[in-house]
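Novice: Based on the provided sequences and hints, a complete structural model is requested.
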Amino acid sequence: MGQRAAIYARVSTADQSCERQLRDLTGFAERGGYDVVEVFRETASGMKANRSARGEVMKLAQARHIDAILVTELSRWGRSTQDLLDTLNRLSGWRVSVVAMSGMTFEVDTPHGRMMATMLAGIAQFERDMLSERVRSGLAAARARGRTLGRQIGDRPKSDRLAPKVLALVAEGRSYRWIARDISLSKNTVAAIVGRARADSAQSTIIVPTPSPARIGGGSRGQDCHQQEQQD
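The working numbering applies: residue 1 is where the sequence shown begins, and numbers increase by one.
Calculated directly from the structure, the hints in this document are not laboratory data.
Some clues are possibly wrong.
Unchecked claim - Pair by pair, the computed Cβ-Cβ distance ranges are:
1. 186 / 30: 14 to 20 Å
2. 83 / 177: 25 to 31 Å
3. 199 / 52: 35 to 41 Å
4. 110 / 137: 37 to 43 Å
5. 59 / 2: 19 to 25 Å
6. 95 / 118: 17 to 23 Å
7. 187 / 65: 37 to 43 Å
8. 55 / 129: 23 to 29 Å
9. 112 / 133: 29 to 35 Å
10. 59 / 159: 35 to 41 Å
We put the beta carbon where it would ideally sit given N, CA and C, even for glycine.
Specialist: And the structure:
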């Protein structure tokens with residue numbers, strides 16, 4: 001028998017679907033020889049503190065009913081750098097690890113695990129903070145000039161809303177195609193988001209990483225997740 005595992009899938013909005021994540025994670029569990037105890041799905045923003053399905057996973061871990069939590073990428077689990085490290089520390093005390101589909105295992109009781117978890121979550125948080133700062137700076141500059149230039153924030157409601165997520169996934173090494181499929185944007189839109197971030201970052205010598213082409217493009221709880229499969 002392999003390690004006992006819980007699968008955790010999360011999407012941010014009700015118009016997205018967990019099904020693709022669940023398919024990918026189920027296949028990953030089979031290939032890795034995991035014994036899946038339960039499957040959890042959740043519709044909640046990554047910034048939301050109260051995520052009931054994740055809370056249920058933590059209860060399973062505390063009860064020592066699982067050895068691992070399987071996620072598509074680390075950003076699905078932690079809502080911020082501090083939240084991620086807090087939960088990884090608690091899981092470490094229960095001898096439970098978080099395993100991403102990239103093959104990385106995050107265990108904060110090892111130096112390598114602490115470094116990787118902090119680095120990846122920190123990059124994602126950094127990109128969110130920088131994007132927010134650029135928006136605030138841009139609006140302030142426009143007000144100071146007494147006029148606005150170019151397309152305004154809000155004219156691209158979906159891409160503007162998903163830009164922090166796109167940049168976080170790029171920082172994790174995901175390809176544009178993988179990101180576009182995962183969060184239901186076109187590949188051109190993903191490229192445009194990254195291009196805008198790079199253009200802004202160049203002025204402050206901040207580098208937006210380029211994704212690696214080598215990246216791989218029980219019961220069920222959390223039934224609030226949208227059930228209809230979206231087209232790939």
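Novice: Could you tell me which of the hints above the structure violates, numbers in ascending order?
Specialist: Structure breaks hint 1 only.
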